Structures are given as C-alpha cells and as structure tokens.
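Please construct the entire structure, taking both the sequences and the accompanying hints into account.
Single-letter residue listing:
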Amino acid sequence: MKAEPNSSRADFIEVDHFNFHYGPKQALFDVHMQIPENRVTAFIGPSGCGKSTLLRNLNRMNDLIDGVHHEGDIRIGGRSLYDPTVEVISLRKRVGMVFQKYNPFAKSIYENVIFSLRVAGRSKKSELDETVERALRASALWDEVKDRLHDSAFGLSGGQQQRLCIARAIANQPEILLMDEPCAALDPLATLRIEELILELKSQFTIVIVTHNMEQATRCSDRTAFLYMGRLIEYGETMQIFENPKHAETEAYITGRFS
Amino acid sequence: MNSAGPPNSPDPKRFQVSKATLWFDRLMGVGIRFGGIGVILAVFGIFFFIGREVLPLFGSAEVERAGDVSAETRPAVLGIDEWGELPFFYDGTDRVVFVPVAGGERVEIPLTGLEGAEVTAVSYDAVHRRVALGLSDGRVGSFVVEYERNYEEGSNEELIPKLVEEPWFPVTTGEGPVTQVSYGDSGGARVIAVKRGEGEVSKAAILRLGMKKSLIGKGKLSLTGETDVTGELGAEAKILRASANGEMVLIAKSNGEVAYFLADSDGVSKRQTFMPFDGAVPVQLDFLFGGVSIILTGPGGAQEQWSLFRLDEKAERLFGETKVFPALGEGPVTFAASQRNRTFLTGAGKNLSLRHSTSGVVRWEGEADFVPAAVVIDGKGRHFLAASAEGEAKRFAIDDHHPEAGWNAFFGKVWYEGGPEPVYQWQSTGGTDDFEPKLSLMPLIFGSLKGTLYAMMFSVPIALLAALFSAAFLPPDVKRVLKPTMEIMSSLPSVVLGFLAGLWLAPILESRVPSVLMMILALPTTALVVGYGWARLPIALRNRLGGGREWMLVVPFLVVAGMIGWALGPVIESWFFIYQDPATGKQIADFKMWWPQATGSSFEQRNSMVLGFMMGFAVIPVIFTIAEDALSNVPKSLTAAASALGATRWQVVWTVMLPVASSGIFSALMIGFGRAVGETMIMVMATGNTPVTEWNLFNGMRTLSANIAVELPEAPVGSTHYRTLFLGAVVLFAMTFVMNTIAELLRQRLREKNKLV
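Going down the list, the sequences are from chains E and S. First residue of the first sequence: 1, per this note's numbering; consecutive thereafter. First residue of the second sequence: 260, per this note's numbering; consecutive thereafter.
Honestly, the hints are just simulated from the structure, not real lab data. Computed from a predicted model, the values in this text were never measured in an experiment. Accuracy of the hints is not assured; some may be wrong.
What follows is a set of in silico ranges between Cβ atoms, one per label pair, in the way DEER data are often shown [unchecked claim]:
hint : chain 1 : residue 1 : chain 2 : residue 2 : range
1    : E       : His212    : S       : Arg273    : 35 to 43 Å
2    : E       : Asp143    : S       : Thr280    : 51 to 59 Å
3    : E       : Asp143    : S       : Gly297    : 58 to 66 Å
Simulated pairs of lysine-lysine, BS3-like, Cα-Cα distance not exceeding 25 Å [as the list claims (entries may be wrong)]:
hint : chain 1 : residue 1 : chain 2 : residue 2
4    : E       : Lys146    : E       : Lys202
5    : E       : Lys101    : S       : Lys895
6    : S       : Lys529    : S       : Lys472
7    : E       : Lys101    : E       : Lys146
8    : E       : Lys146    : S       : Lys1012
9    : E       : Lys25     : S       : Lys895
10   : S       : Lys1012   : E       : Lys101
Computed list of chain E residues with no C-beta within reach of chain S, every gap over 10 Å [said to hold, decoys possible]:
hint : residue
11   : Pro36
12   : Met61
13   : His150
The beta-carbon is built from N, C-alpha and C at its ideal position, and this holds for glycine as well.
Structural data, given as structure tokens:
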C-alpha cells in the first residue's frame, strides 16, 4: 500500500459521486473530484458547506458519529475506503489529521509526538528518539522545544501546540495529511509559521486543507475546491479559481460578497 | 412602572435596568445567602447535637457532699435503702438504728432472737440487704432489712423500715463463738460460710439450708447439710464470703491462698485454690455485682479483680486474674459494691475511690474527713455513705452516668467477665439485670469495613467496566436506554433490596455456592474467549457485523455460559466439596457443611456474598453513572485526535480517556464507597447482624449503620447505650470524612496531572 516515490499521481484520491448524510440531513451532494499526490489542495466555502465533512470522510472520522451513511465511493491509490476488508485503524495510519483547535494530549511533548508509534506497539528507544527529532524538525518546532521534550505539552503557546499536533500527525509518516482549519485558533504570526510549514511538508505528503481564509488558500495551495451547500461548485488550479472563477457563486464568495 | 422608554428615543431611561429586575435580583441574593448560611448552620447543628450526646461518655464521675448523719453507734454493719434516704447502723447488739438523712427522728428496732447470746460475727449482703449474724453460743442466723414507703396522706412519703428475722441454726463443727459468717441466698436455699474459734484450732464449715415449700404461705427453712472444710483448707480461714446467689463460697486462708467451693443441692465441693498475692493474706475479698467477679485487696492496698471463666469450651469455670487496679495505699480497707453496675467504692485509710471493673478505671478519687469504718452505696447507685467508727456518717451524691464508657471500652480490648482473654466485643444488652455491657466499637467498625469491602469487590469492576463500555464502545442509541435504566436501578429502595437479599437470594445461594463460583469463573472467561474469537474473524466479516453492536453477539454466549456454570455447580460440589460426617463417617457433597469443616469458619445463610450481590444494586448505579459521565465528558477533540492517529478503541480508552477521566472516576468510586459505608437497610436485612470480626466470605457482619438502626429504638434516651450508638455515628462520620478527604486530595492531584490546557 506504499505510495511509489517521485511519482505524482493526479488521481491519488478519488471522490466518486459521493453523497453523505447525517441521519435525515444530507450534507454532501454528488461530490466528484480527484486530488493529486504531493500537492496542497484547499477546500473553501462558506460555513456549513460540507468542506469539513468531505475532509473528515477521507479518513472515515465521520464513522464515529451516530446515524451517518453515504452513497458513492472514495478511493485512495485506487482502493476504496469502504472496501469490507479495510481496517479503519490502518486507514487512519495512512491518513493523518490535524484539527481546527490544537488538541495535544495531557502528556509530555515527547509522548505526544510518538503517540501513533506507541499505539502501534513500537517502543524501541532509538526509533522513538529519532522519530521525535524528525517530526519536530519537520514541523519546525525542534529548536524551540528540544530542551524540554519531557515537559507537559500544555506549556507551549497555541501556535507551538498546533505545530506539535502536526508533528504528532506526521510522526508515523502517513501518506496524506488532512488539516481542518489548522490556523483558525491562531494569531497571524503563528498562522504564518504554519503556512510556511505546509509548503515545506508538501514534498513529503499529500495535503488537504480546509480553510476560511482566502489568502491562506492562495498562499499555500496548489489546487482549490469551492463547495457550496454541499455541492462541489468549482475545482481547479488555485490561481485559476481566484483570478478567473468560472462560476458566479465562486466569484461572489472569493470577492467577499457572502461568506 | 414605565421604566423602558420608547424605542430609539433619546430618553436615558432606556439604559436603566427595571426596578423589578433589581428587586428580584436583590431578593434572590438575600434568599440564596440565607439558604447557604442555613445549610452551614444545619450542619453545625447536627454536629452540636451529636457532640452533646456523645461527650458525656468521656467525662469522669463527680461526687458531692450531700448531708451528714449521726447515729452515735459503731457501724459494724452500715446499710442503706434503694434511694439513699434512710441508712441503718448495726453495732452487733440487739437493736438496729435507722437515721433519716433529711433529718428527723431516729428509729431503733430491736432484734428478738438473740436469747441473751452475744453477737460475735456480722456481715452484710447488700444485694438482699441481709445482715448475717454469728453468736457466741455457736448459732448462726440473719435478718433482712426491708423498707416500705408510706403513701398515706400527710405522711410525707417517708420510709418505714422493718426487720425480717430468719431462724437460727446451731453450727456443729468446731467449738467456741462464731468468728466469721457470710450468707448466700438463692431464693429457695441458703449457703452459710462459718468460722468458729480463732487461730490454728479454728474450724470452717459450709452450711446449706433448704426451703420446704408449702402450698400456702412462706416456705420453712431447714438444714440440709453441714460440711466441715477445715481439713480441705489446710490452713486457717481468714475471710469467708458466700456469693449473694448462694452458689459459691470463697475462703481466703492464712497461707495467702484462696479456696473456691461450689455449693449446690448435692453438696459442697472444692473446685480451685489460687494465690493472688504471692503468699500474702488478702485483707479484703468481696463479690462484685453479678456474682461472677471478686475484688481482692492485698497488703499495701494492691487491688485485683478475679473472674470466673472457662479457658476453653470444655473446661470448668475457674477464677483467674483479669485486672489489676491502682494500689489503694496503706490503712484499713473499706469496700462496697454498687447494686446497679460494676462500680465499687473502695479505699484505704481516709482515701476513697470509685472504680469500675469493666473498664478497669478509677472514676473518682477523694478523701474523707475521717477514716471510714464502713461504706455503702445505695440501690440506685446515686449516693454513698461513709461512716466513722463513732457512727458519724457523711453522705455523698454520685454523678456518674456512664462508668462503663471510655476510650478503652470503645476502642481497646477489654477483659469481660466470663471470657478467657481481653477481646473486642459488642453486646450492648443482655437478658439479666446484672449483665455486663460490652461496648467495643471495633467489631462494628470492622463490620462496616468488611461489608464495604465485599460490596466494592463486586461492584467496582462491574460498574467501571460497564461505564467504560458505555462511554467508549456502545452505540448512542443503546446508551440512551442503558443510562436511564441504571439510574432507575439506583432509585430502588434499599429496604426492598435488603428484603430480596435476605428472603429470596440468601436461601437460593445458600445451597448453590459452587454454582455461583462456577458462574464467576465462567462468565469472564467466556467473554474473553468470545472476544479472542472475534478478533480472529476475517476483517470483512467483522466490518459487516460490528459497528458497536458486537455485544449482541456476546450476550447469547454469556447466557449459555451462565447456565452451564449454574448447572455445573452440583457436579463440582460432588467432586471437591465433600463433607465427612465425623459421627457416622458418611460422605455428603455439600459445600455448606464442607466449608466449616475445611476452614474452621462458619457458614451462614445471610453472608457477605449475598450482601455483595445486593449491595451491587445499590452501589453499581452510583459508580456507573458518575464514571460514565466523567468518561463521556472527555473532550471529543482528544478522542478524535487519538483515533486519527490510528489508536484502536481500546487504546483511545486506555491512553486518552482514562487519564483525563481519572479524577471523575475516582470521585465515582468515593461516592460509591460512601454509599456502601452508609448503607443500612441492606446491611440490616442481608447480613445476620452478628458482630463478628473475621473476613470469612460466608458469614455476615454488623455494621455501624445497621447497629444504629437495630438498637437505637430500644436504647433508653441518655443511657450509655444510647450515647454509644451516637458515638458509632460519629465514628462512621469520621471514617467517611477521613476517606473522603484523602480521596479529594488524591483527586485534586490526579486532576492537576491530567488537566486540559
């Protein structure tokens, strides 16, 4: 199931005529799109448009909610997420996730980073140490925390905690990194750091990011999808979407006429 | 009131809060403050009330002067009535002098049967108010002082004394005047210990009198036997004492030994000889209230208590030293026993002290103005009288309501009468007036801990696992049914649970212990095996069947396993739990009989196992509800993060939910503990209420709470028993308070450690 290196498949993630329901309420209508490998893809759209729902379906986090069901299919690397032989746990190891509100565990920085290794039963000290340094360097946090790895994660600032969550998500080297408004709870400076980080990480991971911030989408994404009322309205290269939107709703949204 | 102006008007009133709102706000503020202060006051009120009930238990006796009496006659015998109003002095002549304490005329009543002989020996039995007499001509006899209250109008309800003389009997043993005499009275018979003569030639004998009952009138006393015990003693008798009930005679000898004779209808037999003071002759020997213990004083005032007890079940009842009291000091020793409880008044020289034999403590110490020749305590134990040799007496009022109480009585081992060693024992009431209350709270504290332990042993694993399962694994629609069901369970009245436990569950479990053991073994094993099997199933099948509904698959297995376990019980019983009848050698497969034979502990129908099950119904819902809330309140962001990092559901629970919810789970355990410690009705009805002190699963216990519920209705208000029950409540409160405080400190630490942001 490993992705072949150095090949950027354009149809790495395939969302195939996907409908999604929270009980009687339908949240996604016939979403059909392909997300390329090793690119940053941004989902934008007004609140309640379904962008987070779509994102959370990419690692089946929505399964945890009661009474959900779907039609259509989502495939990663050509394999359906809903194949009966798919073990959700291993799927989530392939598809890491960073949440809107930073949510480190009540553990040390070190233990937070290696959480995914711990639950996978890996406990070799050298491997863990190496992973911590690699993940923290990748998330640009190493220099700030290397002297206090065993302090509580709650001692960090908000931006640092979010970067710790990114380090935690990438520690086990997933293929895909889902980010659900990762900068919503951060100040502009911390946001900038995260955005720089996203650009650095995209060489290693396929990143899907949900954002409310148009500028952020233009700054860090390669492709942008605009969702509105549960439907995928427009999807294309970021430059094209923002400079030359084909749909009136897209234009209305990105020019700030509604939100 | 038009306080809000029209909209958009420049009237500044529209920024004002309406007066009604302000008033309501103020009213609520006052009301809430009032309520809060009220609660605090109520709590302190409870403390005050309980404290007021309990504190007198730890006070000592108070003794006050209460009048003088002058009889101007030597008190060879000093006696007194029930209420301490009309003492009598008898100086060994042919008259008894009664002097009212309140002032008034002295009354002299003559004795008729002396026939010119001289009284050479007297003794007093305060139980029957009998003065025993020995005469110079070798006869023995006695008279009883009776008081009658005159309720006729204008009589001031004064007491009228009367002497009832009993027939005289000549002693045939020995020669010369009677030098010692002591009467015992069992109602139908008398036992008289007599010494004739002095020195080496003196003789000692025990006379037995029987009463021939006629259909009408009183019976007639006649001599049924006289036993010369001089030879058996082997030394001169110094003090002779017959017990008030006429069963025993104790004789202190010149070689320092004390001989114990048992007198019954068959005759007199020596049972024991013991040496209390290493060869020194006792100067005083008297029975205490109840006639089971004696107080002995040796030279130098060393005072000891000896009691009758069996060393083991088959042995004879013999005297053994049970307590040593503080020495009295030098001087002539006085002694008087209370007729109410095990208090006695004793002293040497001018000193006097009130002592209590159960607790073994000195309740009061004081000094008289003179060296008392005789002392006596009235029938109610409210006054005592000390008389000088000249017949000047001082009356004292005793204020000592709880002589048998004290730290040692409640929390220490006490050597009670009749027992072979000091024990912790609770037995607050008995069938007779001379019963010795046993007020150790230790068996009750033990019972509370035992009951709580067994209840928690059963409830905690089930409640916590159920809470975990419900919070982390169960689909929400099932959870919506489960939680209210559990909460309804907690609202079951405990008296119903106790009733079910005692009358329904206990008889069933009594004969099916092996079945229960098998079920305890079978159910978790089956769950584990099914779980293992589930994990081996192909993932496709698991995905199809799973989704939080795996429990439905387990349930049929559990039901079957439970049934198999239940049915297997008798089989296991017939293999392992075989009772061999010691008499016939017959072998019976019966756990109930096997357990006592194999372990030596008892098997009761209402036992800790029954209690554990039923307490489960009371404790499980409490722990479950709170623990479930704590687990469910773990922020979704954390569980989602853990899930997104590839943690299994169990790993999410173990690594994220449990640490965060630990303080809440801890609270749940503590509240469950509080419920178990304080639970009363189930304990009363399901445990048999025997205050035992063993951890045996198959017998019961008596808890502090059950003890209060059972005994408070029959405890007289203000009595030691009543106050001791309140002390039990204080101990119960202290136990839960200490536990909760420790738990709260631990909980705070847990919370600090796992706090979120």
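Range hint compliance [Cβ, Asp143 (chain E) to Gly297 (chain S), 58 to 66 Å]: holds, 60 Å
Assertion that Met61 (chain E) lies outside the chain S interface [Cβ separation over 10 Å]: violated, 6 Å
Asp143 (chain E) versus Thr280 (chain S) beta-carbon gap, inside 51 to 59 Å or not: Since the Cβ atoms of Asp143 (chain E) and Thr280 (chain S) sit about 57 Å apart, the hinted range of 51 to 59 Å holds.
Assertion that His150 (chain E) lies outside the chain S interface [Cβ separation over 10 Å]: holds, 14 Å
Hint consistency between Lys101 (chain E) and Lys146 (chain E) [alpha-carbon to alpha-carbon, up to 25 Å]: holds, 23 Å
Given hint Lys472 (chain S) paired with Lys529 (chain S) - CA-CA distance at most 25 Å: violated, 29 Å
Range agreement (Cβ of Arg273 (chain S) with Cβ of His212 (chain E), hint 35 to 43 Å): 37 Å Cβ-Cβ, so the 35 to 43 Å window holds.
Minimum Cβ distance from Pro36 (chain E) to chain S greater than 10 Å, as the annotation requires: holds, 22 Å
Pair hint Lys146 (chain E) and Lys1012 (chain S), alpha-carbon separation not exceeding 25 Å: holds, 22 Å
Distance restraint between Lys146 (chain E) and Lys202 (chain E), which requires alpha-carbon spacing of 25 Å or less: holds, 24 Å
Given pair status - Lys895 (chain S), Lys25 (chain E), alpha carbons within 25 Å: holds, 22 Å
Pair hint Lys1012 (chain S) and Lys101 (chain E), alpha-carbon separation not exceeding 25 Å: Holds, at about 21 Å.
Hint violations for this structure: numbers 6, 12, all remaining hints satisfied.
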